[in-house]
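Novice: Chain residues, written in single-letter form:
Protein chains: 2
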Amino acid sequence: MIRYIAVDWGTSSFRLWAIDVEGQVRNTRKSGQGMSTLAPDQFGPVLDTHLAALGAGPGVPVVICGMAGARTGWRDAGYLDLPLPLDTLAEAAIRVPHEGRDIRILPGVARREAADPDVMRGEETMLLGALRRFGLEGTVCMPGTHSKWARLDEGVLTRFETAMTGEAFALLSRQSTLSAFVDPAQVDDRAFGDGVKAALDQPETLLRRLFHLRAGQLLGLVDGAEVASRLSGLLIGLELAGAPSGKGAEVTLIASGVLADRYAQALDLAGGGVRLLDADRAVRAGLAVAAAGLWPDEMQLETTR
Amino acid sequence: MIRYIAVDWGTSSFRLWAIDVEGQVRNTRKSGQGMSTLAPDQFGPVLDTHLAALGAGPGVPVVICGMAGARTGWRDAGYLDLPLPLDTLAEAAIRVPHEGRDIRILPGVARREAADPDVMRGEETMLLGALRRFGLEGTVCMPGTHSKWARLDEGVLTRFETAMTGEAFALLSRQSTLSAFVDPAQVDDRAFGDGVKAALDQPETLLRRLFHLRAGQLLGLVDGAEVASRLSGLLIGLELAGAPSGKGAEVTLIASGVLADRYAQALDLAGGGVRLLDADRAVRAGLAVAAAGLWPDEMQLETTR
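Same order as they appear, the protein sequences are chains A and C. The numbering used here puts the first residue of the first sequence at 1, with every later residue one more than the last. The numbering used here puts the first residue of the second sequence at 306, with every later residue one more than the last.
The shape of chain A in the complex, shown without the other chains (with noise of 0.2 Å):
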């Protein structure tokens, strides 16, 4: 019997969890129905389908986190601002009135400065997941097209930063004249090494180096995987010469596939220690913690596996 539904509604991707009354995941659902392909109406008919799929009845409660609750998204569910106890999350949700079904969407979080201003939604729930189950604390990086970069301090969200790593690099492998040379399914370490090393050491050369790819393929000096990696490399380094807790501090990384790999390596190089969590799990728990908080006589905690 499903409990409850969770789910990450990101800018991309839609991935959704039927968690039974054991807290366990009953079923999974994952499509490309992101935030950016959908107006604001469609968002119901969306979970909907999904919902009529697994025969969750309207009794069934939902939550939600991420893009869905921009203003753009499917209801404007608000930022939280820091210093942020994250345990407050969940009561800060909002309720989404849709066929009678409870559905709830979670805040994000805002550093409303305007010499300094950085938002977060998504991310916030993965720490929650990460403090409850792992107990969480420090600096947190979350790579991703928008990576993000946390600082923990007993349970509480004190700090953060955006780096737009991802976005250049899809821009730059994809739009540039640098993409008839990439090849990116192809990983080369050395090169994605040389890459990190050389903007951790003169981040200030990044603009030459991205020329210097190009050049490089013209003269017929380098090949498409190394292309792709060292481009790679050159934004995850230069992300980490700018991260907010300096190049060789302990960092717990939250991330999965590749890119816990490629960030794994590039922390190393940094010279800093590393912790590595999986992504996918801690939104999973941040989403059964605020579950258990926004209903709690009728579920517990989606148990450890």
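Keep in mind the hints are simulated off the structure, nothing from the lab. Please note: incorrect hints may appear among the correct ones.
Computed from the model, here is a short list of chain A residues facing chain C with C-beta under 10 Å [said to hold, decoys possible]:
{"id": "1", "residue": "E204"}
{"id": "2", "residue": "R214"}
{"id": "3", "residue": "G242"}
For each residue, glycine too, the CB sits at the ideal point set by N, CA and C.
Position chain C relative to chain A; hints supplied.
Specialist: Positioned in the frame of chain A, the structure of chain C alone reads:
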């Protein structure tokens, strides 16, 4: 009477000048028929159309610089190596067989070093013109899609570097998550200067500062003119921070229009001296010097005006 035709055939633009027996510009033709829009067999017909419009008979020779000489252009004019005495440029021009007319394309310049490769095509002609017309010497900055930094020592090009500044600005302002916020038509000098200074002081924070632009807009803290100007400032500031000559060097800026204003302001903020030369006149002068070398008995140099 037209003595020769000078053409600057770039990636995205075509510019032609008909030069008379006095060395004066008789006609100018400009279009968007750049290298990136043409297949190799389309260059000849495009040129013919412009020549026919001017009534330039088959006896009028044509000298061309720029991307028409790229491997993917009209015909590969190759690259010369460093150190390059600029006066030898014309003798390395290739001849393009086309309808019996004497057509030459000037070569580019390459640095074939695996660790640090670079290429230019078109700017070497600008340097030649500025050398012969204005006695160019020392560090030179030629901003653009791919900004060139060159070092001239007594007429010899000894070093150059390219920064992908203009292309990065185009990608971020037109195709990124910032695009919706950017109004490139507006200029905010203060925001531009703030961006330059931030990048000069902390080049390693670029990727974070890019996201601040987005967050500032989401939170209603900045307007579109500020975003465009600050973005431009951040990228030009990063280029200057990584300039091979160091931040505060004496620089000759060869530029026109808005770019000339922007770079002059940025170089001033970086603490160096700036001498400004007009880019259009420099390239035309370079083509005139090349023409005089190619066809010495038939013409004199374009006179200085």
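Novice: In ascending order, which of the hints set out earlier in this document are inconsistent with the structure?
Specialist: No numbers; nothing is violated.
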